[in-house]
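A.B. asks: Given the coordinates of chain A, work out where chain B should sit on it, guided by the hints.
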Amino acid sequence: SQQGEEDPQALSIQEGENATMNCSYKTSINNLQWYRQNSGRGLVHLILIRSNEREKHSGRLRVTLDTSKKSSSLLITASRAADTASYFCATADFGNEKLTFGTGTRLTIIP
Amino acid sequence: NAGVMQNPRHLVRRRGQEARLRCSPMKGHSHVYWYRQLPEEGLKFMVYLQKENIIDESGMPKERFSAEFPKEGPSILRIQQVVRGDSAAYFCASSPDAGYEQYFGPGTRLTVT
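These protein sequence lines are chains A and B, in that order. Residues 7 to 117 (this note's numbering) are what the first sequence spells out, left to right. Residues 3 to 115 (this note's numbering) are what the second sequence spells out, left to right.
In short, the hints are calculated from the structure, not lab data. Just so you know, nobody snuck in bad clues.
Straight-line C-alpha distance at most 30 Å; calculated DSBU-like pairs for lysine-lysine: (1) 32/A to 76/A; (2) 62/A to 46/B; (3) 29/B to 73/B; (4) 32/A to 75/A; (5) 53/B to 64/B; (6) 53/B to 73/B; (7) 76/A to 62/A; (8) 75/A to 46/B; (9) 46/B to 64/B; (10) 62/A to 29/B; (11) 32/A to 62/A; (12) 29/B to 46/B; (13) 32/A to 46/B; (14) 76/A to 46/B; (15) 62/A to 75/A; (16) 73/B to 46/B; (17) 53/B to 29/B; (18) 32/A to 64/B.
Sample of chain A residues with no beta-carbon within 12 Å of chain B, all distances over it, derived: (19) 17; (20) 21; (21) 23; (22) 25; (23) 65; (24) 68; (25) 70; (26) 74; (27) 77; (28) 87; (29) 88; (30) 89; (31) 117.
Note that the coordinates shown come from a computational prediction; the quantities given were computed from them, not determined experimentally. Note that CB positions come from ideal geometry on N, CA and C, so glycine has one too.
Pulled out of the complex, with its shape left as it was, chain A reads as follows (with noise of 0.2 Å):
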């Protein structure tokens, strides 16, 4: 598998559920950022979780970063039809400031 490969691929839930998606690397990581990418635009910076935390929130957004499996999961709560996007995990190693990117999880909230 690729470094910073996310899981599922795609995902479609219904408006109000929760969503979640993960991410797993391979190398020994600084920080991992979530990023979303609405079709055809920019990245939106989500979180930055660094290597030495476990957990972080940011509104609706939980971040869970397990270092000993090199995995992370984004979990939306009560999602709504905006949150319909593409979702990447980005990891940084130490020492490297360049973002190993996934292939991204296409999330689709159907109202």
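C.D. replies: Just chain B, lined up with the frame of chain A:
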């Protein structure tokens, strides 16, 4: 505080022409990154620059591609003698320092005909 600005938003070039993509980082940000996104794929790192210095160009193709971030003015990604395979969305990001969030611009969509 304006976000990261990129121009042009759309660029069409014929094979063999040159493409110049510009990126103005957020105010106070001195670190600039360029990424490329092919259709239906994630972003791939190209180059990381600080003012007047290339820090990491491990993702840049060896030929035809160059990048700069001068003391004054925007960062420029230059693609010489473009080919159809260069068609992609090119995104610029900036951060205030190493190890911080990278904020992305809206991208430049390059189409090579």
